[in-house]
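Q: Each chain, written out:
Number of protein chains: 2
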Amino acid sequence: MLAFSSYIISDISKNQAVKLSLYFSDGRRKVDYVLVFHQRRHTSIRSPASASVSQDREVFMELGGAGDGEPMEPGDHEMRLIRQEFEANLLEAGLEIERDRELKSHGPSFTRVHAPWPVLCREAEFLKIRVPTKTVRSEYLTAAVSCWVSKQLKLILCLCSYFFFLYNDSDSLSLSLSLSLSLSLSLSLSLSLSLSLSLSLSPPLSLPLPFSLLLCLVCQVLHEEWARYSAFYKYQPIDLVRKYFGEKIGLYFAWLGVYTQLLVPASIVGIIVFGYGVATMDTNIPSLEMCDQRLNFTMCPLCDRACDFWHLSTACGTAKASHLFDNPATVFFAIFMSLWAVLFLEQWKRRQISLSFSWDLTGIEEDEVNEHPRPRYETVLLQKRQKKQNNKKKKKKKNEVGRQRKQKKLTWKDRLPGYLINVSSILFMFALTFSAVFGVIIYRITISAIMAMSPDPEIRHNVRVTVTATAVIINLVVILILDEIYGAVAVWLTELEIPKTETNFEERLILKAFLLKFMNAYAPIFYVAFFKGRFAGRPGNYVYVFNDFRMEECAPGGCLIELCIQLSIIMLGKQLIQNNIFEIGIPKLKKLVRTLKEKETTPKAREEEKPPQQWNLDYALAPFEGLTPEYMEMIIQFGFVSLFVASFPLAPLFALLNNIIEIRLDAKKFVTELRRPVAARAKDIGIWYNVLSGMGKFSVIINAFVISFTSDFIPRLVYEYMYSPTGTMHGFIDHTLSYFNVSDLKPGTAPQNSELGNITLCRYKDYREPPWSPDAYQFSKQYWCVLAARLAFVILFQNLVMFLSLVVAWVIPDVPKTIVEQLKREKKLLVDVFLQEEKEKLQLIQRLFDLPIPGGGPRARCRAASFSQFNRNIASSPMKENENSKHTAV
Amino acid sequence: MLAFSSYIISDISKNQAVKLSLYFSDGRRKVDYVLVFHQRRHTSIRSPASASVSQDREVFMELGGAGDGEPMEPGDHEMRLIRQEFEANLLEAGLEIERDRELKSHGPSFTRVHAPWPVLCREAEFLKIRVPTKTVRSEYLTAAVSCWVSKQLKLILCLCSYFFFLYNDSDSLSLSLSLSLSLSLSLSLSLSLSLSLSLSLSPPLSLPLPFSLLLCLVCQVLHEEWARYSAFYKYQPIDLVRKYFGEKIGLYFAWLGVYTQLLVPASIVGIIVFGYGVATMDTNIPSLEMCDQRLNFTMCPLCDRACDFWHLSTACGTAKASHLFDNPATVFFAIFMSLWAVLFLEQWKRRQISLSFSWDLTGIEEDEVNEHPRPRYETVLLQKRQKKQNNKKKKKKKNEVGRQRKQKKLTWKDRLPGYLINVSSILFMFALTFSAVFGVIIYRITISAIMAMSPDPEIRHNVRVTVTATAVIINLVVILILDEIYGAVAVWLTELEIPKTETNFEERLILKAFLLKFMNAYAPIFYVAFFKGRFAGRPGNYVYVFNDFRMEECAPGGCLIELCIQLSIIMLGKQLIQNNIFEIGIPKLKKLVRTLKEKETTPKAREEEKPPQQWNLDYALAPFEGLTPEYMEMIIQFGFVSLFVASFPLAPLFALLNNIIEIRLDAKKFVTELRRPVAARAKDIGIWYNVLSGMGKFSVIINAFVISFTSDFIPRLVYEYMYSPTGTMHGFIDHTLSYFNVSDLKPGTAPQNSELGNITLCRYKDYREPPWSPDAYQFSKQYWCVLAARLAFVILFQNLVMFLSLVVAWVIPDVPKTIVEQLKREKKLLVDVFLQEEKEKLQLIQRLFDLPIPGGGPRARCRAASFSQFNRNIASSPMKENENSKHTAV
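Going down the list, the protein sequences come from chains Z and V.
In this text, residue positions in the first sequence follow full-length UniProt numbering: the first is 1, and each later residue adds one.
In this text, residue positions in the second sequence follow full-length UniProt numbering: the first is 1, and each later residue adds one.
So that you can see chain Z by itself, here it is in the shape it has in the complex (with noise of 0.2 angstroms):
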């Protein structure tokens, strides 16, 4: 079997011996692209349905990709053919290639391409990379200078008829030819193989300027300012992580970059809010109330027998930490964080279209490459053509070539099965999240009733610390473990679908992995926030699961409380366990691994032979696999961040603490650890951006509900305009709480032995009527009024929030003023050089053939405008200075 993997060789190195093995054996032709054809020591056994199919010369080769066992596997021979016939065609596309001089019989064996100039020329050309001609600013271009640049510039002309000039406004003259080529070629071989090459920039030696030198400065930059963690503090060098990997990834490191950037005024505000809730603490009148042993509010007990009445001043301590969270500064906060928000998509297109323009990606449009049809989906379309064909063969043999252009395409018949599992698997997954959550909440209740039993009162007494904690760690584990498995259950559902092409096939896997995995990281905090204790009834008719536990109710201070340390500790957990472990862990495993492998497989003495060549090292390295896991990972965290902001301000603090180290993180990942990656064109970050865009109109809505129904905001504003009878907090603990006739509880629920002597009427927190009312225990007018105030509260934060988004939409220009300007200079050069030109060649006209202007028919008008275009095009042409060197050189 041979499997196939390519890559972009890396610059970093600083050994010279290793240095040296970037070029050819020639020494000059730099190695631009790797090919690794990586050879099995076992045969596959050749069947006979692959030997027919290589003879219909129709064979597919699977990139990357591990096949699935098809019997499409060609033999080792047809695969050798094939290599030679692509590596032939390489050559015919004006490539130049280097292989090993010894053959091995396994193991990897290596191709090296150069490109050479005019192929770089010729595939400039054909990208269309367009000429911006930028305003020469500075005035200090002395007239030698500019003489000397024009010079440059023509030869360059000549070149490729499409460069990019940059004169910085510094001393320093650069002219940086934007050539970050993505060689597309399709090549027209019988096989649909298509090979993307990206060449970095290679330029012809005779250039005056030290390009060669430039990328080795790239590597040595990015190394030292850029993937290192004491540089945190400093902006990344974008641009030359762009010129170095493409600008795919370039786009998501600026997008890291001005996320982080802007979480800082988020922390700030955040520390600030949770300093106002240090702050009022000890002024705060419902917890002094609850804290107030006077007052001496005899509680209904917590579970049935086992537990007491008890005293609401024993939950003193939950009560004042509540009002950390839980206070009028969090509904300022999350009005903040929904602008935030907006002002984060905002900035963020507007840096886009600033990188794009820097970048020359205005024109583009999406890559070639991943417009042409996936290898897997050729594939399954060859077997259904050759079935349809088979079927005919036996039926009848006419019309098979007007059927045949008819099973172009691939049609939802053929999608059915794939689809069905689809849904059937993500149907299923859901449930497995829930049952997740639900299996949790057993656990709770569970083991809460059986601590409860216990004699041991110092056990009784940490019983919510203990179930709490515990069971936030089982749901961060279960989180975990679900996360990587939904990650590779999303990739096998895609492959089912046979997407047409690449970008087809991200996004639906972005799709499927987010639904997922968002599904998986929010159900355990839904729960607590919207659900958790709304179904746990009221005392004489409680609600009971398994027909023995009670459904569990949210600490006296409100479920707010409960909610922030569950948001804090899966947000906490996940990042630094997927940061130390996944992100570091195990890929140095993996590199261990491989690295043990090879020198099992290759014999020792042959290692020592030669030294190890910049090829072989960087076959060493992991295989870039994708942005996606690097955007799901922040796109999570963007949900911690503005979803549930309103019970976490620290939220936002925490986020920059671990982007901060992510970026450096990423950085050292990509630049030491992963196969230096071929480069792809990309003039946004795609699907994400949607994502974003959803995850911040879903935010506004949830942080609604977080502060009118999961938050005591609202009860508190309602009881302080509407019921206090003197118009302030005092009184408010005694409001929310209803009565409740100890004779009411159902035989056998009630305390065994009460501590707090004959008790006939307890409380509980709820909106009811009390025992005496004609309809006891029903919900009472408070409640709906209180009700009716929430969902106002709704509404009114919903649409504000919407209001001021679109009010903060439109405020902000999606195009920066600089860059504006910038295209009007642009623009007014180019048409002072149009005007320019015409004058001349109207003075031509005159000249040759001597004709008035405004007479003569508009024939003869044309010929005589058609021969100064003609002049023009040898005017402009710069063939002439050309020529002339050429002799003077000779």
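Where hints are given, some of them may not hold.
Said to hold, decoys possible - Using 25 angstroms as the maximum straight-line C-alpha spacing, the simulated DSS-like pairs for lysine-lysine come out as follows:
1) K500/V x K683/Z
2) K765/V x K781/Z
3) K384/V x K827/Z
4) K839/Z x K828/Z
What the hints assert, rightly or not - Label pairs and their calculated CB-CB ranges:
5) K588/Z x L511/V: 43 to 51 angstroms
6) G626/V x T818/Z: 41 to 49 angstroms
7) T280/Z x T280/V: 51 to 59 angstroms
8) V264/Z x S358/V: 43 to 51 angstroms
9) D239/Z x S693/V: 15 to 23 angstroms
10) P265/V x T818/Z: 30 to 38 angstroms
11) E840/V x T818/Z: 53 to 61 angstroms
12) H77/V x L848/Z: 42 to 50 angstroms
13) E720/V x L511/Z: 36 to 44 angstroms
14) Q347/V x I584/Z: 45 to 53 angstroms
15) L796/Z x S424/V: 25 to 33 angstroms
16) Q347/V x P813/Z: 23 to 31 angstroms
17) F430/Z x I285/V: 51 to 59 angstroms
18) T818/Z x E96/V: 41 to 49 angstroms
These aren't lab readings, by the way, just hints derived from the structure by calculation.
The beta-carbon is built from N, C-alpha and C at its ideal position, and this holds for glycine as well.
Place chain V on chain Z using the hints.
A: Positioned in the frame of chain Z, the structure of chain V alone reads:
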């Protein structure tokens, strides 16, 4: 004084004598453009200020808009000089002009402009009209034809480098030159007068295809197929409209077409929903209960003293009518219409992209002309500069140049007075609108009170009908009058802001006019929907205005029926009156006045001497005043269709009927009653899209509130599922009526002599505690419960509809599939051409230099490549053939 205006000559006339006047006196050169200098009889007094200004050669001329009597107005003599200089500059720019032979001392004098072919060519190149290379799809194209085509193509390419070559797949060959060039001749006069020239298609006579006939055809088709009512069922010939009037007007009619088309399904669904109301009217339990005389609800009197107690069954009629609009189907219809609005916007986006593809607008930027500073802006800037200079002369003369540069634009300080006037005027007009609404309320209250006291029972019986009808008509008249006033005020206010460019001006004007007209049209409707009857108080505690008049309440059937009446009368009345009087009547009147005036000023004898020239006829038409009023009318109508559609399902039908007429009315107006406007390019409908989209979003929340608060939908649901003892609607009416103890009425407000005998308890529509409750007349638990349900419904409805809208917008791709495919095909063709060329180039190099391709340094190969490019330049230049043809021809 000299007024200045300009227009394109129209091609519509069928009179042969007039047709001749479409050309210059030589009968060959076509009149493309007419400049009118209108000289008034009274020359203005030459102020010393203007003289000094003209000495500085910095004279400003106001284009069109009436000057506001500034001292800048130049004298008669100077204006003539300016005109001469202006025309000289036109000549210098390559245009050809023809003036009237006799010079009139007053009245309009015409300067006809002809743009010769080379000028068109130059401007075409200047505007970079791109060449979409469309695949030649037809296979019937024989070699001979293809040869002929390619020859023609080269000729055309010589004439004008960029052209549009289209071969339709029909049998006939059509070369359509997309030449709607908007020549922006920013003439390098010392005058900063920007003149936009738009040239209709006028190809050289030597071209073999009868292009000159093409336009005649266009106007004939427009006349016969478009601008007549009998063609209402046909699609509009949008491409021709665009050809004749330019893209901007073309887009308006296309938009109107899409809107009207999409109103058809909306109307059908609306009719079905209305039909459902009609069908279920007799089986609806609440209205049956209201009509049931046996239930005998005694209602509290509707006014103090004069009114008696009354039986609810007497309001049976309104109850039944209200069911027509207030039924469950309305909820469905509101959701449907919200999605319809999204669908409409998406559909329009697609249509716009299709059009910009087929009209080749994809690459264009904003119209150049509109980016020029407006004359008014320049004037103010000049004044400011002069002021500064004067000040400076007094102080010191140095540093002048540096300062002058800074004053290149107006700052907020210069605009501050304008802004202040703006804000205060808008606030004043808001106040005016509200006081108009309030005035009508007062009218209603007082008239009802007075009529109720009338001794005539006939009058008393018809109080509600009379008052409602007259009030709505007053509302309508006020709206119509204020609408016209606000339109003029918005223009005046925007002028005060001194916007820099025409685009700026238009956007600000639209925003202001929209805000004012929207408020004006919808304020009374909003009042009825959300405020009427909510501040009336309750029996015994009514709210009084002016100490004497009770605030009005809704009819017993609910406010929805009143909303419906209000909406339908205002919508229908506005449309009918605006269409008939403002769009047909007033222009006709104006035209009459203008012709009468002309007759007065010009002696009769002259007129009989010569036949009327086309430019005279055109001048007699009304000038084109922009599309803003047309769009505005439609947008306000869109508001009626979307905003309150929950209360009036027939609104789309009325809008549809109106629009079918509106399209033809507008078409007629543009073709026959307006001067042919200067064609303007536009790639979209601009800010109107945002207005529409904002309105669509706003409509969701408005409809949610109408359904939940104005209609009885939610109370009915709550009753059925929470309070009804039988689970049906029986008893609903009783449940909505609260009890009132007549003895609690304030002294002197009880009915003077009741016909119903001795009443102790009366009922009123509200959810309040009965008199025997401890907190009598307070809001009852039901009130809060219903309120919570109403609010919950708003949240549910809003979020559901927003989510569905997102889904709809996501499902419908912005770019139609056909266009995506066509773009792909074009790209493929381009790649094929490029590869072919590349191959030829390589062969040329090999032949010329005999260099082996794989060898040689990059420099040598580069030189070779450049030479081949030179060769290609020569080959692609059409000169060779031309030169030959010239030699043979001469």
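Q: Determine for every hint whether it applies to the structure shown.
A: Against the structure, the hints:
no. : hint                                : result
1   : K500/V x K683/Z                     : violated (33 angstroms)
2   : K765/V x K781/Z                     : holds (20 angstroms)
3   : K384/V x K827/Z                     : violated (29 angstroms)
4   : K839/Z x K828/Z                     : holds (16 angstroms)
5   : K588/Z x L511/V: 43 to 51 angstroms : violated (59 angstroms)
6   : G626/V x T818/Z: 41 to 49 angstroms : violated (33 angstroms)
7   : T280/Z x T280/V: 51 to 59 angstroms : holds (57 angstroms)
8   : V264/Z x S358/V: 43 to 51 angstroms : holds (49 angstroms)
9   : D239/Z x S693/V: 15 to 23 angstroms : violated (37 angstroms)
10  : P265/V x T818/Z: 30 to 38 angstroms : violated (47 angstroms)
11  : E840/V x T818/Z: 53 to 61 angstroms : violated (44 angstroms)
12  : H77/V x L848/Z: 42 to 50 angstroms  : holds (43 angstroms)
13  : E720/V x L511/Z: 36 to 44 angstroms : holds (40 angstroms)
14  : Q347/V x I584/Z: 45 to 53 angstroms : holds (51 angstroms)
15  : L796/Z x S424/V: 25 to 33 angstroms : holds (29 angstroms)
16  : Q347/V x P813/Z: 23 to 31 angstroms : holds (28 angstroms)
17  : F430/Z x I285/V: 51 to 59 angstroms : violated (42 angstroms)
18  : T818/Z x E96/V: 41 to 49 angstroms  : holds (43 angstroms)
In the structure shown, a violation is registered for the earlier hints numbered 1, 3, 5, 6, 9, 10, 11 and 17, in ascending order.
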